[in-house]
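Chains as they are written, first to last, in the working numbering: chain A, 1 to 96; chain B, 1001 to 1488; chain C, 2001 to 2489.
Some hints could be false.
Said to hold, decoys possible - Partner residues aside, some chain A positions facing chain B, computed with beta carbon under 7 Å: (1) 62; (2) 65; (3) 68; (4) 69; (5) 87; (6) 90.
Claimed, not checked - Quick list of in silico lysine-lysine cross-link-like pairs, DSSO-like style, CA-CA up to 27 Å: (7) A:25 with C:2348; (8) C:2337 with B:1136; (9) B:1079 with C:2348; (10) A:25 with B:1079; (11) B:1053 with B:1079; (12) B:1394 with B:1455; (13) B:1394 with B:1414; (14) A:41 with C:2417.
To be verified - Derived list of chain B stretches under chain C, where covered just means 3 residues or more per stretch with a C-beta under 8 Å from a C-beta of chain C: (15) 1049 to 1062; (16) 1084 to 1094.
Source of the hints: derived by calculation from the structure; they are not laboratory data. In this text, all values refer to a predicted model and were calculated from it rather than measured experimentally. For every residue, glycine included, the Cβ atom is placed at its ideal position computed from N, Cα and C.
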Amino acid sequence: MASPSDIDIDYVANLARIALTDTEKEIFSRQLGDVLRYIEKLSAVDVSHVEPTAHAFPISNVWAEDTPQPGLPVEAALRNAPAQRDDMIVVPVVVE
Amino acid sequence: MPYEAVIGLEVHVQVKTRSKMFTRVAAGYGESPNTLTDPVVLALPGALPVMNKTALDRIVKVGLMLGCEIAPVCKWDRKNYFYPDSPKNYQISQYDQPICQGGTVEIELPGPSRNIMGEHLRIPLTRIHLEEDVGKLNHAGRESLIDFNRAGTPLMEIVSEAALRSAEEAFAYLTALRTVMVYGGISDCDMEKGQLRCDANVSIRPAGATELGTKVELKNLNSISFVRDGIAHEIKRQIAVVESGGTIVQETRDYDGQTGTSQSLRSKEMAHDYRYFPDPDLMPVKVDEEWKARIRAGCPELPFDKQRRFFAEYQLPYTITAVLTPDRDLCDYFEEAAKSSGQPQAAGNWIANDLLRELAAGKVALADCKMRPAHIAGLVRLVEAGVISNNIAKEVFVELFQTGEMPEAMVGRKGLKQSTDVGELDQWCGAAIAANPKSVTDFKAGKENAINAMKGFVMKQSKGKANPRLVDEILRAKLRAPSAGRMQ
Amino acid sequence: MSSDLIFKSAAELAALLETGQVSSVELTQAFIDRRRAVDDRVKAFNSFDETDALAQARASDARRAGGEMRGALEGIPVGLKDVIAVAGQPLTCSSRMLANFVSPYDATVAARLKSAGAILWGRLNMDEFAMGSSTENSAFQTTSNPWDLERVPGGSSGGPAAALAAGEVPLALGSDTGGSIRQPASFCGVVGFKPTYGLVSRYGLVAFASSLDQIGPFARTVEDAALLLGAIGGHDPLDSTSYPAAIPDYRAEIKKHRGPWKLGVPKEYFGPGLNAEVAGAVRAAIEFYQGAGCEIREVSLPVAAEYAIATYYIIATAEASSNLARYDGVRYGHRSKEGSDAIDLYFKSRAEGFGPEVKRRIILGTYVLSSGYYDAFYLRAQKVRTLIRQDFLNAYREVDALLAPVAPTAAFKKGEKSSDPLAMYLSDIYTISLNLAGLPGISIPCGFTREGLPIGLQIIGQPFQEAGLLAIARAYEQAHGWNGMNPKL
Ligand SMILES: [Mg+2]
Ligand SMILES: [Zn+2]
Chain A
1 MASPSDIDID YVANLARIAL TDTEKEIFSR QLGDVLRYIE KLSAVDVSHV
51 EPTAHAFPIS NVWAEDTPQP GLPVEAALRN APAQRDDMIV VPVVVE
Chain B
1001 MPYEAVIGLE VHVQVKTRSK MFTRVAAGYG ESPNTLTDPV VLALPGALPV
1051 MNKTALDRIV KVGLMLGCEI APVCKWDRKN YFYPDSPKNY QISQYDQPIC
1101 QGGTVEIELP GPSRNIMGEH LRIPLTRIHL EEDVGKLNHA GRESLIDFNR
1151 AGTPLMEIVS EAALRSAEEA FAYLTALRTV MVYGGISDCD MEKGQLRCDA
1201 NVSIRPAGAT ELGTKVELKN LNSISFVRDG IAHEIKRQIA VVESGGTIVQ
1251 ETRDYDGQTG TSQSLRSKEM AHDYRYFPDP DLMPVKVDEE WKARIRAGCP
1301 ELPFDKQRRF FAEYQLPYTI TAVLTPDRDL CDYFEEAAKS SGQPQAAGNW
1351 IANDLLRELA AGKVALADCK MRPAHIAGLV RLVEAGVISN NIAKEVFVEL
1401 FQTGEMPEAM VGRKGLKQST DVGELDQWCG AAIAANPKSV TDFKAGKENA
1451 INAMKGFVMK QSKGKANPRL VDEILRAKLR APSAGRMQ
Chain C
2001 MSSDLIFKSA AELAALLETG QVSSVELTQA FIDRRRAVDD RVKAFNSFDE
2051 TDALAQARAS DARRAGGEMR GALEGIPVGL KDVIAVAGQP LTCSSRMLAN
2101 FVSPYDATVA ARLKSAGAIL WGRLNMDEFA MGSSTENSAF QTTSNPWDLE
2151 RVPGGSSGGP AAALAAGEVP LALGSDTGGS IRQPASFCGV VGFKPTYGLV
2201 SRYGLVAFAS SLDQIGPFAR TVEDAALLLG AIGGHDPLDS TSYPAAIPDY
2251 RAEIKKHRGP WKLGVPKEYF GPGLNAEVAG AVRAAIEFYQ GAGCEIREVS
2301 LPVAAEYAIA TYYIIATAEA SSNLARYDGV RYGHRSKEGS DAIDLYFKSR
2351 AEGFGPEVKR RIILGTYVLS SGYYDAFYLR AQKVRTLIRQ DFLNAYREVD
2401 ALLAPVAPTA AFKKGEKSSD PLAMYLSDIY TISLNLAGLP GISIPCGFTR
2451 EGLPIGLQII GQPFQEAGLL AIARAYEQAH GWNGMNPKL
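Here chain A stands alone, though its shape is the one from the complex (with noise of 0.2 Å):
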């Protein structure tokens, strides 16, 4: 299991697309610390023949027939969009 010190708090916070003041950098990393050393305890565990659980009780071929249903009203659909032109939502250009 990876060391807790290799917490790259600026790539993952990259990653997140959360902007950290450097406060929160220095404070989510201590306690993000203390998290991973807790957390590494599960490379204790044997789980060589074990198969992962992605769900309690899997099923499986859950599915719609392809059969339209009404959806939402342009307005609804726009209703909480914090910017809006010619029914459609605004934001900034990307910049790469």
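Since the structure of chain A is provided, determine the placement of chains B and C with the ligands on it from the hints.
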């Protein structure tokens, strides 16, 4: 130094379904913005996905048609990345358990000429999986406007092995793949509507080398000919870079089909970290033998298999099959006409030449065309039986096409039946000989072609109704007779 | 009149409505009045709409008068944790991110409550996005424990538990990802029930950890919990993880199961971390069952006891990091005014919109899924999850259900644990493994500390055997008067 290119294609095909991949709001194109959404499409808090049964049937069908191995169990994974067109900021896709693995796409390379069949290759596939499409960003200066109508449309990702060696092969691969998709009713593959989209990974290496060169990803190749041109351009660009002593950088480039140039989208390729993990909102898919058997029963014959059968069963020439086989409906049309006329080659000729010409000229879809296989068969039979001449048939074709009147009925109504009345023919032939003394002399002097002028005279006199075979016989008989010239 | 009504069970209220002794409007008004009287101290409600509630009540009375009753909850108010979507009502998850969000659609449970005739009354406070054990992580207010206003009501469903204990609602729905129904129920002295995973649709429940989340009832009595579960449970085609089976009439069914039962006591759950008063109350409850003829056996849950919390914090945070990616300020929710481009907008909107616990868990979940760590963390945790489930299934070869504490202590003081996330996480030790194993569990009142704080008994059942589990709980409840006691406010 000679170079060879190594090309792999990643093709996204929108699956034709009535509702979206993970929710039942209608899928569609060209609707007014944000009218095809619901809580799931917009990723509203609390919304959950439910698979579309038809989309699954369709990918199983594609897998069976292309000879893929269908996974007995597969699952859904989340591909996590942020982008404004992606409502959940993850895409539901398949990561390490795609539903289809392996398989091949048979392609035909251009032959030495249009009339000669080219070489066939089988391009191996890595995998095919299902996922969901994103919304559409419309850029307006410093802002983007988002329409989520497309978001959530079922999307099939078809990944080829890096087995293509030229832009021509890539073009042939996409053409073949598209034909298979349309044959199977999987997708209409209209590139203008974004139903088929292609990215290419291109690298070069010295011919004969086994190591792979640094690959460049070409994005947004949004027509089949842009795929060919873009790849050809990229191969040339890479060779030029290497020959001038440079090195290829791993990057993503955008090819502009209008200007025929490409530019780097991301020069410094930042490694993506998609944090794939199994989607806990969805249960696995298990495809059993019964399911496969049901789908297999509905799989059409593949285009190139059909072509080979048309050679063997109908003795069609390559040129005709090359026109017919890309269009499954046209093939069915042909086979119906061929069977009911008993003259496959003649039927094939009429369809490949005259019918397609008229459909194109009138911008009519085959399904809407009033001329049905029975019309073609009727026409073929009339010509074969000598009831009308080929010329007459050609002349009336357009009218039959436009009105949908049965050929037999039209021939009767217009009195187009060929004349086989020997007395009438004899008169016309006599007149022809009298009016063409020079031709008569030439013919008698051994110029075989000279008879054509007399035949033409008869056809003109008879308004085309004279049976050409009888005219030929009568003319020759008259010209052989010693008194023929002096009777008048 | 109204003070008589507010602490009655839903079954009693239904009887009063049926005999015409009270109307739904009168009943609803009683709870409106109670909220007005006490919620400035309890702070259980994030929002409410008195006019709308009374309109629903009038419609219910009209249906009753016309003989067109909808179902078992006709005319009875039900409060919803602010994490369940109701069309036209706010859905904030106690987050600044969704402070102004109004749901355009109904959760399946909301639709089912409506078709059972219920009055949807109030949006109840919680830890932000259900992440927490004290309701102190709400962006809006800290709910107080009605038994001691200096103390927390538990969490994350602190609002529903406190509102019920304070007499502001007769029934409520919460959600439980690692104990978020059972722990606040125990802290507030009410019944809280987490059903088997898949029994109640999650459609319209704002996701925290999809493979663990489950909606469940808060009620004054076990019978009320059965009534409410019957109204909301059963297969839903809109939730792919919903279990495709019909559910029984729990309220009728629980009266048929009479015991005696074979009950297990997990030995690992009574170790040094358990507060003595809590242990005493739970042991007394175990003795009650023994005295009632039940066979009590000690069982062992070695993996669950040792590894459930570590497993949980990997799976729950990983799923949460992805589930909460949709809160980006684009389509809805808080949008930063500072975003210079779309990517920058994400960073700032999420920094401004999420509180510290949510950020902490997103960061942890993102980390455990990031490149190179998947196998070591998430995949390994999924495998340990298999072993945890096996622990329970092994125990169920010997016993019908398990008896355990809900939490190591009674309600703690506000601020006591908020600076130490790990200590807070460890307090979920007895509840979390059920979510990993998907099992049903109930918390029922089983006594008070010397300071007068409620203590809960947890009964853990077998998958989809909720009727049997509720019957076991009811046997204890009927022999004790705990739920007749109410806080003085
Ligand atoms: Mg997005
Ligand atoms: Zn893709």
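Hint-by-hint comparison with the structure:
The beta carbon of residue 62 (chain A) comes within 5 Å of a beta carbon in chain B, closer than 7 Å, and the hint placing it at the interface holds. With its C-beta approaching chain B no nearer than about 6 Å, residue 65 (chain A) sits inside the 7 Å limit, and its interface hint holds. Evaluation of the residue 68 (chain A) hint against chain B yields a held restraint, the C-beta minimum of about 4 Å falling below 7 Å. Residue-level restraint check for residue 69 (chain A) holds (minimum Cβ-Cβ distance to chain B is 4 Å; threshold 7 Å).
Residue-level restraint check for residue 87 (chain A) holds (minimum Cβ-Cβ distance to chain B is 5 Å; threshold 7 Å). Hint on residue 90 (chain A) holds. Least Cβ distance to chain B is approximately 5 Å, under the 7 Å limit. Pair hint residue 25 (chain A) plus residue 2348 (chain C) holds up; C-alpha atoms about 15 Å apart against a cutoff of 27 Å. Of the pairs offered as hints, the one joining residue 2337 (chain C) and residue 1136 (chain B) holds, with about 24 Å between alpha carbons and a cut-off of 27 Å not exceeded.
Annotation: proposed proximity of residue 1079 (chain B) to residue 2348 (chain C) holds, straight-line Cα distance about 23 Å (limit 27 Å). At roughly 26 Å between alpha-carbon atoms, residue 25 (chain A) and residue 1079 (chain B) fall within 27 Å of each other, so this suggested pair holds. About 22 Å separates the Cα atoms of residue 1053 (chain B) and residue 1079 (chain B), which keeps this hinted pair within 27 Å; it holds. With a CA separation close to 19 Å, the supplied pair residue 1394 (chain B) and residue 1455 (chain B) stays within the 27 Å bound.
Of the pairs offered as hints, the one joining residue 1394 (chain B) and residue 1414 (chain B) holds, with about 15 Å between alpha carbons and a cut-off of 27 Å not exceeded. Of the supplied pair hints, the one linking residue 41 (chain A) and residue 2417 (chain C) holds, its CA atoms being roughly 23 Å apart against a limit of 27 Å. A stretch counts as covered by a chain when three or more of its residues have a beta carbon under 8 Å from one of that chain; for the stretch 1049 to 1062 of chain B and chain C the count is 3, and the coverage holds. Only when three residues or more bring their CB closer than 8 Å to a CB of chain C does the claim for the stretch 1084 to 1094 of chain B stand; here the count is 5, and the claim holds.
Of the numbered hints stated above, none is contradicted by the structure.
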